[in-house]
Amino acid sequence: MSDPAPPGFRSASDKPFLVGLAVLGGSYLLIIGAMVLADLVFLNYSDRPVLGPEMVKQGRYTGGEVTVSVEPSRGYFFRKGKNDAGLQLGEQHIASDGLFRAASGQAVLLPHASGRPITASLRPEARVLGIAVTN
866 MSDPAPPGFR SASDKPFLVG LAVLGGSYLL IIGAMVLADL VFLNYSDRPV LGPEMVKQGR
926 YTGGEVTVSV EPSRGYFFRK GKNDAGLQLG EQHIASDGLF RAASGQAVLL PHASGRPITA
986 SLRPEARVLG IAVTN
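For the sequence shown, position 57 (counting from the first letter as 1) is numbered 922 according to this note's numbering, and the numbering increases by one without interruption.
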């Protein structure tokens, strides 16, 4: 049998440890909840296209209409600038920002006022040609 504990000896309680553990665990849960809430409120998960390089050199075109060569049936993103009336693709006229498919090989940027620079943006939609997994 074991000897009885010496008189006046008392083991310490685990309550301070358990209270500290509960506070620490609760704070972690609070942080995780705040991150999930921020993720739901502030992030936008709508699909956005991956765009290629800018095709319109900013500030270089100050005359009238500007012709830009495009690849037929490829997707492009057009963003209208302050001095732009839109984009003309053959018979199709694009006056708002967004994605479109090129029907012909040339796009014409239409300015509002002649003598002011073209500020529109025209960028091709990126294409994935291949994926390589290397070790």
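What the hints contain is simulated information worked out from the structure, not anything from laboratory work. All values derive from a computational prediction rather than experimental measurement. Treat the hints loosely; a few may be bogus.
[As the list claims (entries may be wrong)] When the alpha-carbon atoms are kept at most 16 Å apart in a straight line, the in silico EDC-like pairs for lysine to aspartate or glutamate are as follows:
#: 1; residue 1: Lys945; residue 2: Asp962
#: 2; residue 1: Lys945; residue 2: Glu919
#: 3; residue 1: Lys922; residue 2: Asp904
#: 4; residue 1: Lys947; residue 2: Glu936
#: 5; residue 1: Lys947; residue 2: Asp962
[What the hints assert, rightly or not] Per label pair, the in silico range of CB-to-CB distance:
#: 6; residue 1: Gly963; residue 2: Gly885; range: 19 to 25 Å
#: 7; residue 1: Gly946; residue 2: Met900; range: 37 to 43 Å
#: 8; residue 1: Arg944; residue 2: Gly890; range: 32 to 38 Å
#: 9; residue 1: Val888; residue 2: Asn909; range: 32 to 38 Å
#: 10; residue 1: Val998; residue 2: Asp904; range: 39 to 45 Å
#: 11; residue 1: Ile896; residue 2: Phe874; range: 38 to 44 Å
#: 12; residue 1: Ile896; residue 2: Arg939; range: 15 to 21 Å
#: 13; residue 1: Gly980; residue 2: Arg939; range: 27 to 33 Å
#: 14; residue 1: Tyr893; residue 2: Val973; range: 57 to 63 Å
#: 15; residue 1: Arg944; residue 2: Phe882; range: 58 to 64 Å
#: 16; residue 1: Arg981; residue 2: Glu919; range: 33 to 39 Å
#: 17; residue 1: Gly917; residue 2: Tyr893; range: 40 to 46 Å
All C-beta atoms in this analysis are idealised placements derived from N, C-alpha and C, irrespective of residue type, glycine included.
Checklist entry - Which earlier hints can't be squared with this structure? => result Violated hints: 3, 4, 6, 8, 10, 12 and 16; rest satisfied.
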